[in-house]
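Protein sequence lines correspond, in order, to chains A and B.
Just so we're aligned: 206 in numbering that gives the first Met the number 0 is position 207 of the first sequence, and the numbers increase by one with no gaps anywhere.
Just so we're aligned: 267 in numbering that gives the first Met the number 0 is position 268 of the second sequence, and the numbers increase by one with no gaps anywhere.
Simulated from the structure, these hints should not be mistaken for laboratory data.
Among the clues, some could well be false.
Claimed, not checked - Residues on chain B that point at chain A, a partial pick, calculated with CB under 10 Å:
{"no.": "1", "residue": "E38"}
{"no.": "2", "residue": "P336"}
{"no.": "3", "residue": "E337"}
{"no.": "4", "residue": "L338"}
{"no.": "5", "residue": "Y363"}
{"no.": "6", "residue": "L364"}
{"no.": "7", "residue": "M365"}
{"no.": "8", "residue": "S366"}
{"no.": "9", "residue": "G368"}
{"no.": "10", "residue": "T370"}
{"no.": "11", "residue": "E373"}
{"no.": "12", "residue": "I378"}
{"no.": "13", "residue": "R380"}
What the hints assert, rightly or not - Covered, in the sense of this in silico footprint (three residues per stretch, anywhere, with C-beta under 8 Å from a C-beta of chain B), are these stretches of chain A:
{"no.": "14", "segment": "67-79"}
{"no.": "15", "segment": "172-178"}
{"no.": "16", "segment": "189-202"}
From a predicted model like this one, the values you see are computed outputs, not experimental measurements.
By construction, the Cβ of each residue, glycine as well, lies at the ideal position given by its N, Cα and C atoms.
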Amino acid sequence: MLEIKHLAVAVGGKEILHDVNLKIGVGETHVLFGPNGSGKTTLLAAIMGFPKYQVTAGSISFHGKAITRLSLDERARLGIGMSFQRPPVVRGVKTRDMVTACLRKRGDGELIEKLAEKTDLADFLDREINYGFSGGEIKRSEMMQLLAQKPELALLDEPESGVDLENIALIGELINELLEKECPIVDRKCMGLIITHTGHILDYVDARTGYVMCQGRIGCEGDPHEILKSIKQKGYEECTKCLVRRFH
Amino acid sequence: MSRVRTSQTHRDKARAAAEKPAALGKDIDLASYSGSADEPAYQADPARLPAPAKEQMLGAGVMLDDVSQRSGTYIQMDNTPVHSSVREEGVEVMPVSQALEKYDWLADYWWRAVAVDTDKYTANVELGQYDGYFIRALPGQKTVFPVQACLYMSQARIRQNVHNIIIAEEGSELHIITGCTAASGKEPGLHMGVSEFYVKKGAKVTFTMIHSWNPEVAVRPRTATVVEEDGLFLSNYVLMKPVHSLQMYPSARCVGKRATVRYNSILVAAAGSSLDVGARVLLEAEGARTEIISRAITTGGDIVARGYIEGSAPEVKGHLECRGLILQGGGMIHAIPELKGNLAGIDLSHEAAVGKIAEEEVEYLMSRGLTRTEATATIVRGFIRVDIEGLPSMLSAELERAVEASEKDVM
């Protein structure tokens, strides 16, 4: 279980997230909606433990263990994984090296080939990671790494942005595999927190709970499809107004 | 000791340049080093050379216990050839003194690519001429395995003079691994090595040179290559161990149509090492191509990474890539890429970057579960791992092994 209580996060001394509360049970998938700049990526980065994102109040616990003070790599080894919206290019480091790192000696070359086949990236294993990759290739590469990493909490930052329709379907399939959607709910081990601006990913991946984040706060929580419907009808402006009424 | 006898003209020019400082690099006082040395005995079986020497040579990619994967072997200790042999047909390997005795025509290649009066180092190689290797691939002969050559400095304060001639005759293919190294320890020494390469029409030469010196050795190679029509010269240079001072600026002239030259260099400067290394290519014939790639890492030493491409014929193309990484420990990297075009329609480009490892990249790898140290090591390993187009897979593997063997010193 992931439990976030009264979390405040600052970047460069400026508080971006305020009093965020969120709880994801084992095997559950939750979706976080919000306009650009609302703090969604900051939340994911703070859960993952990027040093730039300073927790100034509150706590994050994972399977009952306080992780707020753990380093980025310690959290990764504990079972938290993240797909990046815009991962960096690392010249000289090959896609294969990244997948190998994610496997942490759990698999061999054959498994890497299989993962590459599955993500339609067989020709990319010996290319430098993210160098000259298209939007869809980046997303598939991120999913390939997460499938190798096998996290118990997958943080997915805008998995559908910059991806064409054909690729979204494949990415949806890969997310479903990562989140063990083929298993009965009680048997699922992997939790998911998906950030989406447009909500397109919900056409491919089912989620239990949705949230709307505006101005660094979680405004509402409920059925993700209902929330999306409301956003489509009224836009994020209405969510922002609602938050302003409640918190100011 | 066999001294090479060359022409009076060369000797006159050399005498005139005996005190001429080099255009680049710290000036070395030649009088601090001795030109004479004990002469080790010739060894017919290279596996019987002293074990410590073999171990040093192995660190520079020269394997003497098992030469089954080599088409020929040449070993020079200080100024004396101690072994030369050939295992494959179509290739000749011998001391250059012997080759000059055997072939009258070889005099035409002597100081043709490199000018004898370039500087005091070339001049003194001529004046203090001892020996070097002669490697030749016969017309149309394609060697499977590489020829290996080792220039080994065993004595303190020695001045090693070397003059090598490499000829790939028309349509031939030749692979060479040269390991240059000194006896372990911190004894000072000076290595002056002249190498002249002649890549004839349609021939291919890959030349992989691994330097593994010690922190007190000064090194002044002087190398030039002439590539004829449809010829290919591929040079890979690796220096990952400390050296006191190294200055070299090998040059290649593409004199025939579609001649191609590629230089790849991996340089690591530890604290106290001073490197001034580059590659210069002159594209003088239509359709000639070149690519110069260097990767420089400093862990405390100074590196000047140079590159120069000059295009003076139609449809030539050249690219220069120079990337430097400053790791913890400081040091300096000065990248100097230069391009000169003398004609419309040529295509020359360069990219250069010097910096530290980006924190964003380290964190990306850490988010996959690698520790900071593992992430940094992965990025450094990737930085120095250059995929060399056209290098046979066996040589790629050997190069990778040489790089891996030195990686721990860098980390």
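We went through each hint and held it up to the structure:
1. Against a cut-off of 10 Å between C-beta atoms, the interface hint on B/E38 is violated, since the closest Cβ of chain A lies about 45 Å away.
2. A distance limit of 10 Å between C-beta atoms decides the matter here; for B/P336 the minimum to chain A is near 17 Å, and the interface restraint is violated.
3. At about 23 Å, the closest approach between the beta carbon of B/E337 and any beta carbon in chain A exceeds 10 Å, and the interface hint on this residue is violated.
4. For B/L338, the shortest C-beta to C-beta distance to chain A is roughly 22 Å, which exceeds 10 Å, and the interface hint is violated.
5. With a cut of 10 Å, the hint placing B/Y363 at the interface with chain A holds, because the nearest CB-to-CB distance is about 5 Å.
6. At its closest, the beta carbon of B/L364 sits 6 Å from a beta carbon of chain A; the interface hint therefore holds under the 10 Å criterion.
7. About 4 Å separates the beta-carbon of B/M365 from the nearest beta-carbon of chain A, less than 10 Å, and the hint is met.
8. Below 10 Å, beta-carbon pairs count as interface contacts, and B/S366 has one with chain A at about 6 Å; its hint therefore holds.
9. Among the interface hints, the one on B/G368 holds; its C-beta lies about 4 Å from the nearest C-beta in chain A, closer than the 10 Å criterion.
10. Given the 10 Å rule on beta carbons, the hint for B/T370 holds: about 5 Å separates it from the nearest Cβ of chain A.
11. A least Cβ separation of about 8 Å between B/E373 and chain A falls short of the 10 Å threshold, and the interface hint therefore holds.
12. Residue-level restraint check for B/I378 holds (minimum Cβ-Cβ distance to chain A is 6 Å; threshold 10 Å).
13. The closest approach between the C-beta of B/R380 and any C-beta of chain A is roughly 8 Å, which is under the 10 Å cut-off, so the hint is satisfied.
14. Counting residues of the segment 67-79 of chain A whose beta carbon lies closer than 8 Å to any beta carbon of chain B gives 5, which meets the minimum of three for the stated coverage.
15. For the segment 172-178 of chain A, the stated coverage by chain B is not satisfied: 0 residues place a CB nearer than 8 Å to a CB of that chain, which falls below the threshold of 3.
16. Coverage of the segment 189-202 of chain A by chain B is violated. Counting CB-CB distances below 8 Å, 0 residues qualify, and the rule asks for three or more.
When held up to the earlier numbered hints, the structure conflicts with 1, 2, 3, 4, 15 and 16 and fits the remainder.
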